[in-house]
Amino acid sequence: MNPASRSPVAPVTALLEARGVTRRYGDGRRRVDALRRVDLAVPPGARIGIVGESGSGKSTLVRLLAALDRPTSGETLFRGRRTSGVPERGLADLRSSVQLVFQDPRSSLDPRMTVGRIVTEPLRSRRLRHRGDVPSPSADRLQEVLAGVGLAPELAHRYPHELSGGQRQRVAIARALAPDPEVLIADEPVSALDVAVRAHVLNLLADLVRARGLTLVFVSHDLAVVRLLCDTVVVMKDGVIVEQGSMEEVYDRPRDPYTAALLAAVPRLRS
Amino acid sequence: MNGLLDVADLRVEFGRHRAPALRGVSFSLQAGQRLGLIGESGSGKTVTALAVMGLLPETARVSGSVRLDGRELVGLPDAQFSDLRGVAMGMVFQEPMTALDPTMRVGRQVAEVALLRGRATRGDTRTNVLQLLTRVGFVDPERIADAYPHQLSGGQRQRVVLAMAVFNRPGLIICDEPTTALDVTVQARVLDLLDEILGESGAACLFISHDLAVVSRVCSHAMVMLDGDVVESGPVSQIFAAPRHPYTQGLVATARLDLVTPGERLPTIEDYFRREDFR
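Heads up: the protein sequence lines correspond to chains A and B, in order. With the numbering used here applied, the first sequence closes on residue 351, and no number is skipped along the way. With the numbering used here applied, the second sequence closes on residue 315, and no number is skipped along the way.
A few of these clues could be false.
Covered stretches of chain A (in silico footprint by chain B; criterion: 3 or more residues with CB under 8 Å from a CB of chain B, positions within the stretch not fixed) [as the list claims (entries may be wrong)]:
no.	stretch
1	214-221
2	251-259
3	292-306
4	337-347
Pulled from the structure, derived: some chain A residues nowhere near chain B, Cβ distances all over 12 Å [as the list claims (entries may be wrong)]:
no.	residue
5	Asp173
6	Asp311
7	Met327
Rather than coming from a laboratory, the hints here were simulated on the basis of the structure. In this text the structure is predicted, and so the values were computed from the model without any measurement. C-beta: ideal position from N, C-alpha, C; glycine also.
All chains should be modelled from the sequences, with the hints used to inform the complete structure.
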């Protein structure tokens, strides 16, 4: 098999890139390398799933790509420009173009703010507004974004604790999409949701990615979920990438024994 | 009804102004049978388990009947319930740290469960603890017994809790989302272990999960709950292969991610069932 045919790296400038990144926590005997010399390129328009179990380094990797954390060594880039070791004021383009959604909307949404304020907050950020085409934080934009994620306009006046888990996750997605980002990074966005709600949120994400041509980086422990949203998959274990390739090939014909074990462990409905 | 566990018309309310948590739930569990309780959060599955374990808060108003081996548990004084827990019924919860004392070595905690029966002596208890830790898959039981809970991984802790749950050979083991917090590969190992241990001990199991696939792996029977009511129950093979109630049909459809072609819309419960039409 030609290894190049399974590489997700397209011959164009990657939108997001990690080059030889290592992230080390602690020192001496307590030293842990959460990531070890990882390379990853996310081309524009890609839908990449990053799969692994707890401690695999998947969340650490996306935090580095989003410049929420700094690599111990190696570098991260956005549109070919370095984002690691760069002061915050140099990250305006990244901040407005890359948005994140996390697993637990209860902890990522400010409980003291109304839904309307939460969703438009990124639009009021001076740093974000640095990008010329960021929509203004108008009432129209708010309604447009809420409608886009299937939330009723009157929810704008509610607080997060008054909403269901699924509604809260829609608010988090609305906030992420308000500044019209190019890249959406979603870290376990459906893991805390009931199966019934999960289906709605996954359908919403798929629709949004398709309609807006978003580049998607989707982190999950669940290969079955990643299969539905992503065209490329990266499998991580103990801080390194053990396998990557097209979703279909990895799902149907895993090459790495760990990927095979991960697939075999997914509980299936016996009926 | 003469099962190991007979629940009849169980109603639980928390305050007058809130919808009842359980609206007259009835089911029977035979010795050795494994029943999965399925439903979304708020459906009443955990409240059902808490009622059986006598762990509902004092503010709960409970009516109906819960009989374990013929003995009525509704209205049983707390002191008598404490004598049953860990002896007549073992318990495994989602988060093992809630069941483990962080300041006590693992071996001593397992031994305390043995002492619940009041007839074990310290010496043979240590031997029993090590045997049991070996039984739940630890190759180095001495090291595990001498460790504190925080020194173990999530999967190891859940195996310890499982060891505690089966120590006194209870006739009933209640598991509430026992593997939800675990990684998939660890989940698979813990479920295999649970399956083996239930098979060996012949204990019945009340298994609560929102995950239909996990239930189908462990249980012989399933009961689907919605808003405090049972909508459907029967053998797992029938419930998952030919669900009758539209809500169950929707649940099964949303759980079959493997049948969806990427790019296709996922089925939702609302494709099958509208809550407005319920009740």
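Q. Which hints from the list above does the structure break, by number from lowest to highest?
A. 1, 2, 6 and 7
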